[in-house]
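Dock chain B against chain A, hints included.
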Amino acid sequence: MELAFSGWSGIVILLVYGLIMLSVGVITFLRNRNIHQSLDEYYLGGRGLGVMVLFFTFFATQYSGNTVVGYPPSAYRLGYEYLVSVPFFIMIIMAYLLFAPRLYSLGKKYNLITPAQWFEKRFKSKGVTILASLLMLYGLGNYLLEQLVAIGQGVDGLTGGTVPYQVGVVFFVIIMLIYGWLGGMRSVAYTDTMQGIALLFGVFMLLIGSIIYFGGLPTSADYMQAYSPEKLGVPDGPGVVNWFSLLVLIGIGAAVYPHAIQRIFAAKDERTLKRSFSRMAWMPFLTAGVVFIIGIIGINAFPDLSTAESEQLVGMMASAVASQNVIFYWAMVLLFGGVIAAIVSTADSVLLTFSSIISNDLYGSYINPNASERKKLLVGKLVGVAAVGILILVAWFPPGTLYQIFVLKFEVLIQIAPALILGLYWNRLHTKAVFTGMLSGTIVASVMTIFGWSYLGVANGLWGLLINLIICVVGSLVMSVSVVEEEEAKQVIGL
Amino acid sequence: MKKAKKEPIKNGKIWIVLGLLFAMVNPWYFPESFGEILVYGVPLWAVIIIIASVLLSAFLSYVLKYHWMLEEEEEEAEKKGAK
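Those protein sequence lines, which keep their order, are chains A and B.
Numbering-wise (UniProt numbering), the first sequence opens with residue 1 and increments by one.
Numbering-wise (UniProt numbering), the second sequence opens with residue 1 and increments by one.
Chain A on its own, in the form it takes in the complex (with noise of 0.2 Å):
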């Protein structure tokens, strides 16, 4: 990507982020020394995320890089029916209302640390915890190795090609390393709210500064009409179907995003989750929302992109944008700075939620159980590293378009919805019946998507979220729960 501000300040902008970056890191170490003795503090920052900092934080597992540039290529080749993007973040909140009013109460009385140890609480079963971490581990790895490449081509992008791929990749993973390690989950919620303030600051200087430069919605408009009107015009079938799936997918997906779970754990209390919650139901306008229009506009700025020439579309308004004049130049800079910042926000959580599931699900639970919390924190910080480790590696040949692999992670990581959702309000929800169905769904979407099939245009997660749905309430009502189980299950869900 060329882009006009590209060097020097580019670099200066990047080492000032990382340095910032780090620092919050230090002064986290610093006034939080006993945080690695303890799950607790280390993972969830001892229980005590204000509304301002579980705000940012909940806003940076949803809203990433990817966002600002990844969005606008797609609302410039498909037009407004790409304004789905506005309500399927809105659709995230409407999911959590299914479960985490009951999830923070119980985590709160069990304790609970991660998603997979609820897994375990509910349905006592090796089986199911284990399927249910290696899918969140998995699902969490593909969406770390996303972050990986989106950080190292926005670094070469913004850079100029001065600071290469790798080196930009290197750079900021090793900063992401060193502050999650030294104050893990406050460290990573305090660097997302400065890197999520970074991006919400940009993305509207590069909305105002295309106005001003390539002309409004209405400019774009006339120029659809008279060359793509079908841009303009209402969603045709299939295209209502892919709205209609994409607002259960990514509702239902994002919001059992592993590290999205954890953050309903770190809560201080209900009032705060509440109030967070309710400011990021009002997110999807001032950031999907932004993007959207950035990308109509550029129909107009940039006509007759082909595919590949529109994903660089930010890099190119931007570009145009920051010549205009100095506050612009430099807001595009703190704009693509604060892209990258954001794409490491997100990247940090992930791997925070990755090495927590390491930690205290498969080492803790049963590689060694009787290990000290300090070592099972040490355990679970090492296999985080040796993961990043190797998916820098395979971040050395990324793959094309971004949103694929997006759609991907998605198919896997929305299995264990139903197990999730379920199990909080039915007692007779029958394990093996659970077990099997997420195997069951996990490998009808994968198979899907690797062999490229499709059916009634409807994403392949969500038929596989279908069959495994449909095999735990089927199996569940078929196999009867015995009477002690179910009273259990009745004492663990009970509030």
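What the hints contain is simulated information worked out from the structure, not anything from laboratory work.
Since this is a predicted model, take the numbers as computed values, not measurements.
One should not assume that every hint holds.
To be verified - Here are some of the chain A residues that sit facing chain B, going by a computed Cβ distance under 8 Å: (1) V86; (2) P87; (3) F214; (4) G216; (5) S220; (6) P235; (7) V240; (8) L247; (9) R271; (10) K274; (11) W282; (12) Q491; (13) I493; (14) L495.
What the hints assert, rightly or not - Computed list of lysine-lysine pairs in DSSO-like fashion (alpha-carbon distance at most 30 Å, straight line): (15) A:K121 <-> A:K109; (16) B:K5 <-> A:K490; (17) A:K490 <-> A:K268; (18) A:K124 <-> B:K10; (19) A:K121 <-> B:K79; (20) B:K79 <-> B:K65; (21) A:K108 <-> A:K490; (22) B:K5 <-> A:K121; (23) B:K80 <-> B:K65; (24) B:K80 <-> A:K432.
To be verified - Derived CB-CB ranges, DEER-like: (25) A:P238 <-> B:E75: 42 to 50 Å; (26) B:V47 <-> A:R374: 37 to 45 Å; (27) B:K5 <-> A:I327: 49 to 57 Å; (28) B:E73 <-> A:P229: 33 to 41 Å; (29) B:Y29 <-> A:S482: 17 to 25 Å; (30) B:A4 <-> A:V167: 37 to 45 Å.
Beta carbons are placed, not taken as given, at the ideal position from N, Cα and C, and that holds for glycine.
Frame of chain A, contents of chain B only:
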């Protein structure tokens, strides 16, 4: 006075409203002409989707605030006790 515990999932009315709003944020009910009418450069159907989305967000905020009450009272009491 002790307020009753409230859990959104148990309130059927909430889900009827959410169901209706969900139906409204899907673009299945527009005549084709809504793609031709523009409001400040935005097609009419998209304007309606945006309005429906705002309503959805507003309703979610309302439910979060008033219909989710499981721990809050105890936590507030604990806080006061601690002071």
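Exercise for the section: Mind checking the CB of K274 of chain A against every CB in chain B and telling me if the closest is under 8 Å? Expected result: The hint holds - K274 of chain A has a Cβ within 8 Å of chain B, the shortest such distance being about 5 Å.
Practice task
Measure nothing beyond the straight line between the CA atoms of K5 of chain B and K490 of chain A; if it is 30 Å or shorter, mark the hint as holding.
Solution key: Cα-Cα ~18 Å, so holds.
Problem - When the least beta-carbon distance from R271 of chain A to chain B is tested against 8 Å, hint result - result: Because about 5 Å separates R271 of chain A from the closest Cβ in chain B, which is inside the 8 Å limit, the hint holds.
Handout entry: Restraint check for K79 of chain B with K65 of chain B, where alpha carbons must lie at most 30 Å apart
Key = holds (19 Å)
Exercise for the section: Let me know if the C-beta of Q491 of chain A comes in closer than 8 Å to any C-beta of chain B, holds or violated. Expected result: violated (17 Å)
Exercise for the section: For the pair we were handed, K490 of chain A and K268 of chain A, check the Cα-Cα distance against 30 Å. Expected result: holds (26 Å)
Handout entry: Restraint outcome when V86 of chain A is required to lie within 8 Å of chain B by C-beta distance
Key = With Cβ-Cβ at 5 Å, under 8 Å, it holds.
Practice task
Let me know if the C-beta of I493 of chain A comes in closer than 8 Å to any C-beta of chain B, holds or violated.
Solution key: With a closest approach of 12 Å, the I493 of chain A hint is violated.
Exercise for the section: Take a look at whether the Cβ-Cβ distance between P238 of chain A and E75 of chain B falls inside 42 to 50 Å. Expected result: holds (48 Å)
Problem - Interface restraint verdict for P87 of chain A against chain B (beta-carbon cut-off 8 Å) - result: Where the cut-off is 8 Å and the nearest Cβ of chain B is about 4 Å from P87 of chain A, the hint holds.
Exercise for the section: Confirm or reject the claim that K5 of chain B and I327 of chain A have a C-beta distance inside 49 to 57 Å. Expected result: holds (52 Å)
Practice task
Take a look at whether the Cβ-Cβ distance between E73 of chain B and P229 of chain A falls inside 33 to 41 Å.
Solution key: Violated: the Cβ-Cβ distance is about 56 Å, outside 33 to 41 Å.
Checked against the numbered hints given earlier, this structure breaks hints 3, 12, 13, 24, 26, 28, 29, 30; the rest are met.
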